[in-house]
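Residue numbers (the numbering used here), protein chains in the order written: chain A, 1 to 322; chain B, 1 to 361.
It cannot be assumed that every hint is accurate.
Partner residues are not named here, just some residues of chain A that face chain B (Cβ under 10 Å, in silico) [unchecked claim]: (1) G18; (2) L155; (3) A157; (4) A158; (5) V165; (6) A180; (7) V183; (8) T298; (9) V300.
Stretch by stretch, here's where chain A covers chain B in the computed footprint (C-beta under 8 Å, at least three residues) [to be verified]: (10) 194-205; (11) 284-290; (12) 293-307; (13) 315-324; (14) 330-338.
From the derived model, a few chain A residues whose C-beta atoms are all more than 10 Å from chain B [unchecked claim]: (15) N72; (16) T84; (17) L301.
Hint data in this document are derived by calculation from the structure and do not stem from the laboratory. Since this is a predicted model, take the numbers as computed values, not measurements. We treat Cβ as the ideally placed atom computed from N, Cα and C, and that holds for glycine.
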Amino acid sequence: MRAFLIRRLLQAIPILLGVTALTFLLLQLAPGDVLSQFSQNPTIAAETLDSMRHRFGLDRPWYVQYLLYLRNVALRLDFGESFTRHQPVFAVIREGLGNTLLLSGAAALITWGLAIPLGAWAAARRGRRVDRLLTALASVGLAVPELLSGLLLLLIAARTGWFPVGGMHEAGWERLGWWARGVDVLRHLALPALVVGLVPLAARMRQMRAQLLDTLHQDYITAARARGLSETRVLFRHALRNALNPMITLFGLTLGALVSGSFVAEVVFSWPGLGRITMEALLAEDRYLVMGAVLMSTVVLTAGNLVADLLLAVAEPRLRDG
Amino acid sequence: MGERAPGRGGRIGSLRGVARVAAAVLGILYGVAALAPLVAPYGEASLDRARFYHPPQRLHWVDDAGHLHPRPFVYATRLAPGAEWRYVEDHSRPMPLLTWVRGERYTLVRGVSSDRHLFGVADGRANLLGTDPLGRDVLSRLLYGARVSLTVGLVGIAISFSLGLALGALAGYVGGWVDAALMRFSELLLSVPGLYLVIALRSALPASLPPSRAYLTVVAILAVIGWAALARVVRGMVKGLRRSDFVIAAEAMGASPVRVIARHILPNTLSFVIVAATIAVPGYILGEVVLSFLGVGVQEPAASWGNMLEQARSLRVLTSFPWLLAAPAAAIFVTVMAFNLVGDGLRDALDPRGVPEGEAR
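Excised from the complex, chain A in its bound form:
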């Protein structure tokens, strides 16, 4: 197991190096350069620019810049300075990533919290009205892009006033107690989490339904029924538990999407996550922030895939040696 983990970690290194090189190259292609872009900007202290020039070799050839960037990131987690936010890039990214994970975590809770019972319900009532209704809803649900469902919920929020229309906090939230703060964040979280959570819901629900139906056709279920156990008992004690196993593996596979899945919802609902930060950085041509954010999103995706592989390796020992 340890050898497997070490091998996978080593495999991640060239990927991260490659992605860094790729983003660095793309940003070098962009017209203009950081020094001339920001040297005339009165809001940026000359010392900041000087320090950046020194740390990242902004006046030196691009390959020196690249090596300096790699060294700073790897040794000191120094991703440079965000010129538009007047903060180190790492601080900006860390905060954004936290908000993104909060949003996508809540979304995952919604997805799986709904998909498993609904999928099981559809399977247990296979071919009946509930099943057909859920299947129809799922096929429509697959066609609603999150951009549309997001704007629709925003419209409802704006018209009814039941939910805040974006952001993460009410004005003046700093003065609230911790309980009121929590409620405030939850109220802001509800709609974007619903939007992100609904996207994969239809697919997960169908997978759960298929899994449970598969299990219900196994011999041991027939045996349990033949022993005269009640249908409820067969379903809950025998079938459901076994149907959930592959779903756990599937859950692992979706971990990597945690950071990218909420991108659009973050922009629509002004949720201060990594996606929105990246978008603003792109529009403001805040290069080091763009680079850091792309790199960080890759790290999270790679880490998510790694965890998924570990889960899979635990469940299927044969794969470890593959």
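On the provided structure of chain A, position chain B as indicated by the hints.
Chain B alone, transformed into the frame defined by chain A:
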């Protein structure tokens, strides 16, 4: 997926039921998009400064006196006194919708220009889907926008799938270091989360682009992102087919590698590729929509469904002028739904072993 027996012909013609209706809907959408300047009553950038935020105008058949009119009509409107952006119908001035009316001059394709529009009113303006903040006709922008939004996906997919097929076949057939290099590179692209890769690619270009270059940029970004996943699947299929008897036979008869790949191997991946492409189209269309929505795709004054949605984003619009959201949203929804249904239908038609979705256990 996976290996496929050789020589299975396409059965695209055998779409059934809902999928056939969806295919017809797509045909109409693309037809209307191609004829957009003719079908649209006004130009995509034509402003009417007296009609900002005009709500959709109702079509009437019966007037106040109870007379049935031979053709549908709208009432002329004017700004309601006192209120901001509220319009009242002037029931003394019905304006019948005429067909083949004279309007702005347009060029349909190079050399074919006209000033006739499919429908319109004789004088004044009829905005059946309302107007936007600049007084432009939403219906006309929707039709012009369809040209961008509906084609970007197809062109992007054509490029990325050609790339994916060619590179995947190359990697699978040649093997060795070519295979290794291509696969490592595709891994690299796949390890950056989708929209972050889009941002990284987009950041190499200036923030604002002229419309023609913006279109190409969006296509290029979508193509670069899309080929990697397909190339990996095709590579796997080609590796499997490479050892099959008919390929070995073709090689023994002295066929060149290019001929073997193009004539013997790729045709066997075709039905998979067609289905995969159809299923992927909505993703590409949404790619343009999202890019334009984020303000880095197709930009004003050119219309696309994405930048029309972008316009509908502000709270003021959402609360007071919801038709600006409804029109592009409905267009996107119908298109995506239709492609999904056709994709499902094609999958069922081309892969008899696959269980139809509704019957899946």
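Would you list, in rising numerical order, the hints stated earlier that this structure does not obey? 6, 7, 17
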